[in-house]
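Q: Residue-level listing of the chains:
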Amino acid sequence: MTKSWENFRLRPSPGIDLSQGAKCQPIPRSKLDIDEVNRMPFLAHGSHRIRYELDGPLGAPAYVLVNGLTQYSELWAAYRDALTARGFRGATVDLLGQGASDKPELFISQDDQVEALRLLIGELGDSPIFLSGISFGGLIALRYAIEHGERLAGLVPMSAFAELSPQLLLLGNALRTGLILGGTSYLQDLLLPMNLSDSWLKPLLSNLDAVKRQGWLINDVYALQNLMESFLDFRPLTPLLPAIRTPTMILNGEFDFLTPRSLHETLRVGISDSSLVIIPNAYHAFTLEKAALTADLLARFAEDVLAKRWQGNKAVWIAPDEPGGEMIPFPPGYDHLRAIPVQKAAP
Amino acid sequence: MNQFLGPLDSAGRAPPRQQTRIASFLISAHGALARQLALGLPGQLKAGWQAELNAQLHREAEIVSLLMRATAWVPDFTLPYHTLTWETAWLPKPVTGIADQKLAMTIDIAALGHAVHGAIRPAALLPVEGSAEDPFVMALRRIEFESSRLIQAQIHFLKCDDLKPVRDAVSAAVETRHRQVRKLWAELLEGIGIRRDPERE
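Going line by line, the protein sequences match chains A and B.
Position one of the first sequence corresponds to residue 1 (the working numbering), numbered consecutively onward.
Position one of the second sequence corresponds to residue 1 (the working numbering), numbered consecutively onward.
The set of hints was computed from the structure by calculation and includes no laboratory data.
Keep in mind that this is a model prediction, so the values were computed, not measured.
Beta carbons: idealized from backbone N, C-alpha and C, even for Gly.
There's no promise every hint is true.
[Stated by the list, open to error] Simulated crosslink set (SDA-like; lysine to any residue; CA at most 25 Å straight-line): (1) B:164 - A:233; (2) B:183 - A:45; (3) B:183 - A:177; (4) B:183 - A:324; (5) B:93 - A:107; (6) B:183 - A:173; (7) B:164 - A:173; (8) B:164 - A:260; (9) A:308 - A:197; (10) B:164 - A:324; (11) B:183 - A:127; (12) B:164 - A:110; (13) A:308 - A:334; (14) B:164 - A:43; (15) B:102 - A:49; (16) B:183 - A:110; (17) B:183 - A:43; (18) A:308 - A:112; (19) A:202 - A:260; (20) B:164 - A:127; (21) B:183 - A:202; (22) B:164 - A:308; (23) B:164 - A:325; (24) B:183 - A:42; (25) B:164 - A:47; (26) B:164 - A:115; (27) B:183 - A:48; (28) B:102 - B:92; (29) B:164 - A:153; (30) A:202 - B:128; (31) B:183 - A:260.
[As the list claims (entries may be wrong)] Label pairs and their calculated CB-CB ranges: (32) B:43 - A:181: 25 to 31 Å; (33) B:7 - A:338: 56 to 62 Å; (34) A:109 - B:43: 39 to 45 Å; (35) A:47 - B:62: 21 to 27 Å; (36) B:77 - A:202: 21 to 27 Å.
[What the hints assert, rightly or not] Partial list, computed: chain A residues near chain B (C-beta under 7 Å): (37) 106; (38) 163; (39) 164; (40) 168.
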């Protein structure tokens, strides 16, 4: 036995975490009680079970919403309500390693996550499918679109990326180290101020433990670590982006410094029928902070696509501050990659 | 059935019967890991990484010691039976499908460590009303906190490139140990009126 222990070596760990945190108000305990869990539908992928949830009318166009790294399905409740009210079906899923889905003990490959999405979308029949994911979920959605784009009517990557910039790689490594040394709670402590605005955080400052509790309860350290380490063999998707022919709306928070504008620009440039929409005053986790606005943008995008009004044109837009507001074209001649009004260099 | 320990007393402490049963289980599991490490580690360390396992050995012993002192013990006549069941479960079993018996045994021991540190979350049993001044509450929090660090040695070993040729056997062994530990943990909790995460057990 001793000799066998000697045969392995501790290796450097180039893990990466691209998560937003579970930073919503705690969901009611009843949402995850035992009876609730027993009623949840599950998909089978090999020996693993994948929990999903469907709402809305059968046969309607469907929105599939994919969690960020530390998220779970309940966090999309407001989206399911808003989208079903607009005539869509809402589909949410806990990816492997998340929420009520199985948490493989040692390895979770991103291919398996794409397969989980394929299985879920297979449950939705022949209806038009709009696929949206945030952060880690955005990456999985991009991978799905590259491999199975023909099944999609539209794609909405949010706070997403196709490659690991040095900053993102190093931030991911640091977050992974934080998880290992300080557990899920410390990871949440890092993610909360990184990904949410002061105005969202300020009223919750005295109650942060309650904000963190459901995410802490539902996430296991080894499972989060496995999700992060699914990036160990990550290859940039950037060269594969032109394979996505699906209408694509890319959403990026104005102040997202975890996955900044430059990473979304890669998507805009690589995906032919895309537009980049900047969400004003938003950080990485704008889906939590600006749920009503984001749900409205998702619905409008799908309605435009279904009505054949959508034209991506690789345009850059500024989203309204409130749901239903007007989209504003980014001022022509100015560089949308800068944080100050710098005019674009001549081509 | 509840999801958390309780009902708590007016000082925010869990019932002594629950404390006794949980502490007995954790002492059995972490004590087994400590014994396995004590027997497996050489008297003279031969590689830098073995320092990690030496630290783990003493952390496991610390967990046992902490629980001994932090628990409000009460007599529980079912414990001899439960302890026998648990101790039998922790015995190393060489992983099937690996010809090298020493390696097969080592993988199983690491798989058990992964399961004990990963699948058991004692602090998740604490209701929000649990008193931070109660030693048992603090012990459960500390054990869970330490577990996320301790599991790193098992993760490094079980995921290492040296084991790539036998990765399926390794994954199956870890899955088996997780299932076993979760089942025993769930049975223990059910015995004290707590039910959690039934789908995964």
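Q: Compare the structure with each hint and give your call.
A: Evaluation of the provided hints:
{"no.": "1", "hint": "B:164 - A:233", "result": "14 Å, holds"}
{"no.": "2", "hint": "B:183 - A:45", "result": "22 Å, holds"}
{"no.": "3", "hint": "B:183 - A:177", "result": "30 Å, violated"}
{"no.": "4", "hint": "B:183 - A:324", "result": "51 Å, violated"}
{"no.": "5", "hint": "B:93 - A:107", "result": "22 Å, holds"}
{"no.": "6", "hint": "B:183 - A:173", "result": "34 Å, violated"}
{"no.": "7", "hint": "B:164 - A:173", "result": "23 Å, holds"}
{"no.": "8", "hint": "B:164 - A:260", "result": "36 Å, violated"}
{"no.": "9", "hint": "A:308 - A:197", "result": "36 Å, violated"}
{"no.": "10", "hint": "B:164 - A:324", "result": "53 Å, violated"}
{"no.": "11", "hint": "B:183 - A:127", "result": "41 Å, violated"}
{"no.": "12", "hint": "B:164 - A:110", "result": "18 Å, holds"}
{"no.": "13", "hint": "A:308 - A:334", "result": "29 Å, violated"}
{"no.": "14", "hint": "B:164 - A:43", "result": "28 Å, violated"}
{"no.": "15", "hint": "B:102 - A:49", "result": "33 Å, violated"}
{"no.": "16", "hint": "B:183 - A:110", "result": "29 Å, violated"}
{"no.": "17", "hint": "B:183 - A:43", "result": "22 Å, holds"}
{"no.": "18", "hint": "A:308 - A:112", "result": "33 Å, violated"}
{"no.": "19", "hint": "A:202 - A:260", "result": "23 Å, holds"}
{"no.": "20", "hint": "B:164 - A:127", "result": "42 Å, violated"}
{"no.": "21", "hint": "B:183 - A:202", "result": "42 Å, violated"}
{"no.": "22", "hint": "B:164 - A:308", "result": "50 Å, violated"}
{"no.": "23", "hint": "B:164 - A:325", "result": "54 Å, violated"}
{"no.": "24", "hint": "B:183 - A:42", "result": "21 Å, holds"}
{"no.": "25", "hint": "B:164 - A:47", "result": "20 Å, holds"}
{"no.": "26", "hint": "B:164 - A:115", "result": "23 Å, holds"}
{"no.": "27", "hint": "B:183 - A:48", "result": "17 Å, holds"}
{"no.": "28", "hint": "B:102 - B:92", "result": "11 Å, holds"}
{"no.": "29", "hint": "B:164 - A:153", "result": "40 Å, violated"}
{"no.": "30", "hint": "A:202 - B:128", "result": "22 Å, holds"}
{"no.": "31", "hint": "B:183 - A:260", "result": "44 Å, violated"}
{"no.": "32", "hint": "B:43 - A:181: 25 to 31 Å", "result": "30 Å, holds"}
{"no.": "33", "hint": "B:7 - A:338: 56 to 62 Å", "result": "59 Å, holds"}
{"no.": "34", "hint": "A:109 - B:43: 39 to 45 Å", "result": "41 Å, holds"}
{"no.": "35", "hint": "A:47 - B:62: 21 to 27 Å", "result": "36 Å, violated"}
{"no.": "36", "hint": "B:77 - A:202: 21 to 27 Å", "result": "54 Å, violated"}
{"no.": "37", "hint": "106", "result": "5 Å, holds"}
{"no.": "38", "hint": "163", "result": "24 Å, violated"}
{"no.": "39", "hint": "164", "result": "20 Å, violated"}
{"no.": "40", "hint": "168", "result": "23 Å, violated"}
Checked against the numbered hints above, the structure violates hints 3, 4, 6, 8, 9, 10, 11, 13, 14, 15, 16, 18, 20, 21, 22, 23, 29, 31, 35, 36, 38, 39 and 40; every other hint is satisfied.
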